[in-house]
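Undergrad: For reference, the chains in residue letters:
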Amino acid sequence: MYSEKVMDHFNNPRNVGEIENPSGVGTVGNAKCGDIMRMYLDIDDNGIIKEAKFKTFGCGAAVATSSMATELVKGKTVEEALKVTNKAVMEALDGLPPIKVHCSLLAEEAIHAALWDYAEKHGITIEGLEKPVNDIGEKEEAPEEDY
Amino acid sequence: MSDTDKIIYLDNAATTQVYPEVLEAMTPFFTEYYGNPSSIYTFAGKASEAVNKARGILAQGINARADEIYFTGGGSESDNWALKATAEAYQDKGKHIITTKIEHHAILHTCEYLEKKGFEVTYLDVDEYGTVKPDELKKAIRPDTILISVMTANNEIGTIQPIAEIGAIAKVHGILFHTDAVQAFGHIPIDVEAMHIDMLSASGHKLNGPKGVGLMYIRKGVKIRSFIHGGAQERQRRAGTHNVPGIVGFGKAAELAFADMDKRIAYETKLRDHLIERVLNEIPYARLNGEREKRLPNNANFCFRFIEGESMLILLDQQKICASSGSACTSGSLDPSHVLLAIGLPHEIAHGSLRITLSEKTTKEEIDFTVDRLKEIIERLRGMSPLYEDFVKHQN
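So the protein sequences, as listed, match chains A and B.
When you number the first sequence by our numbering, it's gap-free, plus one each residue, and the end is 147.
When you number the second sequence by our numbering, it's gap-free, plus one each residue, and the end is 543.
Quick caveat, the hints were computed from the structure, so don't treat them as lab data.
Even glycine gets a Cβ: it sits at the ideal position worked out from N, Cα and C.
Some hints could be false.
Only pairs whose alpha carbons sit at most 20 angstroms apart, straight line, appear in this in silico SDA-like list of lysine to any residue [claimed, not checked]:
no. : chain 1 : residue 1 : chain 2 : residue 2
1   : A       : Lys5      : B       : Asp464
2   : A       : Lys5      : A       : Glu79
3   : B       : Lys467    : A       : Tyr2
4   : A       : Lys5      : B       : Gln465
5   : B       : Lys540    : A       : Ser3
6   : A       : Lys5      : B       : Lys540
7   : B       : Lys540    : A       : Lys87
8   : B       : Lys522    : A       : Glu20
9   : A       : Lys76     : A       : Lys87
10  : B       : Lys467    : A       : Glu71
11  : B       : Lys540    : A       : Asn21
12  : B       : Lys467    : A       : Lys74
13  : A       : Lys5      : B       : Leu462
14  : B       : Lys540    : A       : Glu18
15  : B       : Lys540    : A       : Glu4
16  : B       : Lys467    : A       : Ser3
A few chain B residues facing chain A, derived, Cβ under 8 angstroms [what the hints assert, rightly or not]:
no. : residue
17  : Ser458
18  : Ser532
19  : Leu534
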């Protein structure tokens, strides 16, 4: 059901862990649907993401999208990181099963949450960054069941 | 050695291996005696005889009469039949049905369908061990109650329900009692007389028989009609050419299961208890779901805090261990198992569930190997869990 890339990032997740005194940290998730992601960013004075780490409670896709998201933002500027969309995460993983697309949305939101925390701590405004939604699941609607 | 020789199959509640003796009994009815048992000529007689022999074995196993057994396409069909046909036949008497919150979806979704058709359904709560309380049942009974449907044993957490007590209550109130015995049939003793069961659903593939065949026991005198309309098979109550090989296989599997049930129960219970003891002793923040004693001999169901079930299953699969979970990701919806929620578990704990269902062929070595791997897997997943991180920080 998962692509080889997803399995690779699940089995060998990149950047698992914490950053002490991070520039920004954000936790997003939905206990109901069973995915919680926390992303830590270390951002230097030039606004470049030096390091990204994550911790995730969730399924195979949740772990893989978190792992890929940290890979995609590392080395980028804050502005560039903001452009890492869920689509980019999915494409980098060679796709996700339809029911797991929300995991990639959560990964995008985790980046935003960490950047939001960074912006707040440093009293700056990042253009285009909106206050992250903690609970991605609320955006989705459960499919109607047919009888 | 084929690939399947190396797997450790611990998902016997999902389905079971067809035993070689069962397949052997079935084979001639594909190739040699392939006649339609409803045909008149002598050639079809073998098939007809075999169907009746199977019917007799299956009936005897639950202390029913052969003419009270109706073959169906499986457990879900039997459940649908029992509920929809009872509702239809008895709607003049009333439109109220009582069931429980922990039934299989074949019951729950059928009840939801009936609700849309104007029936009222009471879904009984269960206690923290997943047991239905007979007193709660008594309170739910109304003058217009026409059916009580309570499963014999739960498919996820294995809890065995007080079926005899429930049956007695139904009888006193003159209400029909159906039980979904898909997980229990051939695994634990069932007596439709002693337990006052009016209808019972069972399935072939849960007891080392083939898939695609099930049965419904309908007590003589219960006036429910056909669900599948067509030919006159099954005394005009279930149309469709008999699945002769399937029925023969179901009968053979039941014959084997009923013959050594005591031995099987003793073996599986011992192995299951060894598994439960090791997991609870050696893995921190683990809990057993379901009743400790009154549970299916082959079922163990755990929750491991701070981790999610699907991740656990993938990592177990990489060790060639087959198990299942009630997490949302494995249920195909956003919610974790309705059974785990019904016993009062919060969502994030219910997501970390693992069901292990063994068989009489499972060995102690396989269980020990599984527990050893499980310990590593859980440690690894907790290492990347933000919930565990928070928990540890709060402790310090």
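Undergrad: Given B/Leu534 as an interface hint, is the shortest Cβ-Cβ distance to chain A below 8 angstroms?
TA: holds, 5 angstroms
Undergrad: Holds or violated: are the alpha carbons of B/Lys540 and A/Lys87 at most 20 angstroms from each other?
TA: Status violated; Cα separation ~34 angstroms.
Undergrad: Has the given pair, B/Lys467 with A/Lys74, been kept, meaning a C-alpha gap of at most 20 angstroms?
TA: Status violated; Cα separation ~35 angstroms.
Undergrad: Holds or violated: A/Lys5 and A/Glu79, Cα atoms, limit 20 angstroms.
TA: violated, 26 angstroms
Undergrad: Against chain A, run the beta carbon of B/Ser458 and see if the smallest gap drops under 8 angstroms.
TA: Because about 6 angstroms separates B/Ser458 from the closest Cβ in chain A, which is inside the 8 angstroms limit, the hint holds.
Undergrad: Would the pair B/Lys467 and A/Glu71 pass a check requiring their Cα atoms to be no farther apart than 20 angstroms?
TA: Not OK: B/Lys467 and A/Glu71 at ~30 angstroms, beyond 20 angstroms, violated.
Undergrad: Taking 20 angstroms as the top limit, are the C-alpha atoms of B/Lys540 and A/Asn21 close enough?
TA: holds, 15 angstroms
Undergrad: With a cut-off of 20 angstroms on the C-alpha distance, tell me whether B/Lys540 and A/Glu4 pass.
TA: violated, 35 angstroms
Undergrad: Does B/Lys540 pair with A/Glu18 here, judged by a C-alpha cut-off of 20 angstroms?
TA: Distance ~12 angstroms between B/Lys540 and A/Glu18 Cα, so the pair holds.
Undergrad: Hey, B/Lys522 versus A/Glu20, does the alpha-carbon distance stay inside 20 angstroms?
TA: Violated, at roughly 28 angstroms.
Undergrad: Taking 20 angstroms as the top limit, are the C-alpha atoms of A/Lys76 and A/Lys87 close enough?
TA: OK: A/Lys76 and A/Lys87 at ~17 angstroms, within 20 angstroms.
Undergrad: Just to be careful, I want the Cα atoms of A/Lys5 and B/Lys540 compared with a cutoff of 20 angstroms; is the pair within it?
TA: With a Cα-Cα distance of about 33 angstroms, the restraint between A/Lys5 and B/Lys540 is violated, given a limit of 20 angstroms.
In summary, the numbered hints that this structure violates are 2, 5, 6, 7, 8, 10, 12, 15.
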